[in-house]
Amino acid sequence: MKFPILIALPLIFSLFLSGCVGKHLDGNRVNDQVNVFGVQFLSDVDHREINGIKAVEEPCLRGYERSFDALDITIGYGFDKKTRKITTRNPATSLFGINPGVAFREGKQKVLQAGFVEFAPPFTFRSNGYTLKFLVDDKDVIFGLTLESLD
Amino acid sequence: MKKFVLIAAAAILSILPAGQASAAHGTSPNGLEIPIEKAAIKFAADVKDGGYKIVATEELKKWLDEGKKVTIISSLPASDDKEFGTLPAAINGAMPKTEKELTQSDKANLLKVAGPDKEKTIVVYCGFVACRRSHIGAKILVENGFLNVYRYPAGITGWQEMGYTVSK
Chain A
1 MKFPILIALP LIFSLFLSGC VGKHLDGNRV NDQVNVFGVQ FLSDVDHREI
51 NGIKAVEEPC LRGYERSFDA LDITIGYGFD KKTRKITTRN PATSLFGINP
101 GVAFREGKQK VLQAGFVEFA PPFTFRSNGY TLKFLVDDKD VIFGLTLESL
151 D
Chain B
152 MKKFVLIAAA AILSILPAGQ ASAAHGTSPN GLEIPIEKAA IKFAADVKDG
202 GYKIVATEEL KKWLDEGKKV TIISSLPASD DKEFGTLPAA INGAMPKTEK
252 ELTQSDKANL LKVAGPDKEK TIVVYCGFVA CRRSHIGAKI LVENGFLNVY
302 RYPAGITGWQ EMGYTVSK
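Order-wise, the sequence lines are chains A and B.
Using our numbering, the first residue of the first sequence is number 1, and each one after it goes up by one.
Using our numbering, the first residue of the second sequence is number 152, and each one after it goes up by one.
Simulated from the structure, these hints should not be mistaken for lab results.
Please note that a few of the clues may not be correct.
As the list claims (entries may be wrong) - One-sided and incomplete, this derived list gives chain B residues near chain A with beta-carbon spacing under 10 Å:
#	residue
1	A190
2	P228
3	F235
4	T249
5	E252
6	S256
7	D257
8	C277
9	A281
10	R283
11	G306
12	T308
13	G309
Quick caveat, the model's predicted, so the values are computed rather than measured.
C-beta atoms are modelled at their ideal positions from N, C-alpha and C, and glycine is treated no differently.
Just need the whole structure built from these sequences, with the hints factored in.
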């Protein structure tokens with residue numbers, strides 16, 4: 001009985017070191033902060049229609065994107081068909097508690113509190129394996145946000 | 152039974168070339184005429200709207216081989232440039248995929264990398280023909296008084312498809 005434990009413990013430890021276990025847990029934590037018509041980050045749910053709005057699909061270098069123009073959202077999928085990018089310009093949605101329409105200063109404060117660090121200043125922030133980019137207008141108001149996987 | 156197998160094999164072999172021939176006609180030997188049409192229609196509308204010129208892969212390669220002075224701007228995100236590489240000596244002026252996501256910061260960065268000389272030849276590219284980042288970038292340059300702006304439609308995908316060198 002001791003033998004399997006001796007094998008299992010280093011295996012679990014190495015999974016933590018490689019980030020496999022940590023990233024999975026982190027993905028779940030991210031989705032608690034995603035409020036975009038039920039779309040989940042790193043999920044394999046195939047959204048072709050949301051609230052009766054049909055998507056327009058476009059190719060991209062890392063997979064494909066589906067735009068729901070009437071909802072002001074875009075979902076990016078990787079070649080593995082998992083959501084790797086969510087863009088919203090819809091004030092009724094939020095990412096990490098930040099709605100489109102809030103001041104950049106307020107959004108920055110919230111994103112730093114959520115554990116992000118500045119990545120490509122001033123508008124892009126990074127956390128474990130993903131970035132959050134603010135789309136900011138000339139009045140310093142966030143009119144959109146993009147959450148994207150770095151993988 | 153043996154005879155039947157031989158006849159069946161001969162029949163299948165005689166059908167295969169005919170089938171391949173019917174699948175091979177069209178713009179690309181791989182088919183996909185509808186996405187090509189979709190991209191072509193959008194491309195034509197964008198070029199008309201953008202007011203810039205276009206340059207094809209072989210022509211751009213010729214320019215570079217001849218040593219023509221060209222400023223090449225990749226309008227892909229910097230992370231894509233890092234992963235897929237860039238055309239020789241390209242600088243990054245990332246643009247969004249749609250006008251709706253364009254920010255003042257994107258515009259300011261593009262104009263900064265384009266520099267003050269409004270008469271130089273500038274080529275803007277992105278991922279492939281259907282990618283509109285290069286249209287958005289080239290249009291901004293034209294609107295800001297740049298006189299020799301070209302869009303390179305095939306982008307990094309076309310460049311790599313031709314086997315030309317990319318910088319990483």
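Status of the hints after comparison with the structure:
For A190/B, the interface hint holds, the least distance from its beta-carbon to any beta-carbon of chain A being 9 Å, beneath 10 Å. For P228/B, the interface hint holds, since its Cβ comes within 10 Å of a Cβ in chain A; the closest pair sits about 9 Å apart. Interface restraint check: F235/B against chain A, minimum CB-CB distance 6 Å, threshold 10 Å, status holds. For T249/B, the suggested interface contact is upheld, since its CB lies about 7 Å from the closest CB of chain A, less than 10 Å.
For E252/B, the interface hint holds, the least distance from its beta-carbon to any beta-carbon of chain A being 6 Å, beneath 10 Å. Using the Cβ-Cβ criterion of 10 Å, the hint placing S256/B at the interface with chain A is satisfied: the shortest such distance is roughly 6 Å. Taken as an interface hint, D257/B checks out: its beta carbon lies about 9 Å from the nearest beta carbon of chain A, inside 10 Å. The beta carbon of C277/B is positioned within 10 Å of a beta carbon in chain A (closest approach about 9 Å), and the interface hint is therefore held.
Evaluation of the A281/B hint against chain A yields a held restraint, the C-beta minimum of about 6 Å falling below 10 Å. Annotation: R283/B was flagged as interfacial toward chain A, and the flag holds, the nearest CB pair being 8 Å apart, inside 10 Å. The closest approach between the C-beta of G306/B and any C-beta of chain A is roughly 9 Å, which is under the 10 Å cut-off, so the hint is satisfied. Look at T308/B: its Cβ gets to within about 8 Å of chain A, closer than 10 Å, so that hint holds up.
At about 12 Å, the closest approach between the beta carbon of G309/B and any beta carbon in chain A exceeds 10 Å, and the interface hint on this residue is violated.
Figure legend: structure checked against the earlier numbered hints; the only hint not met is number 13.
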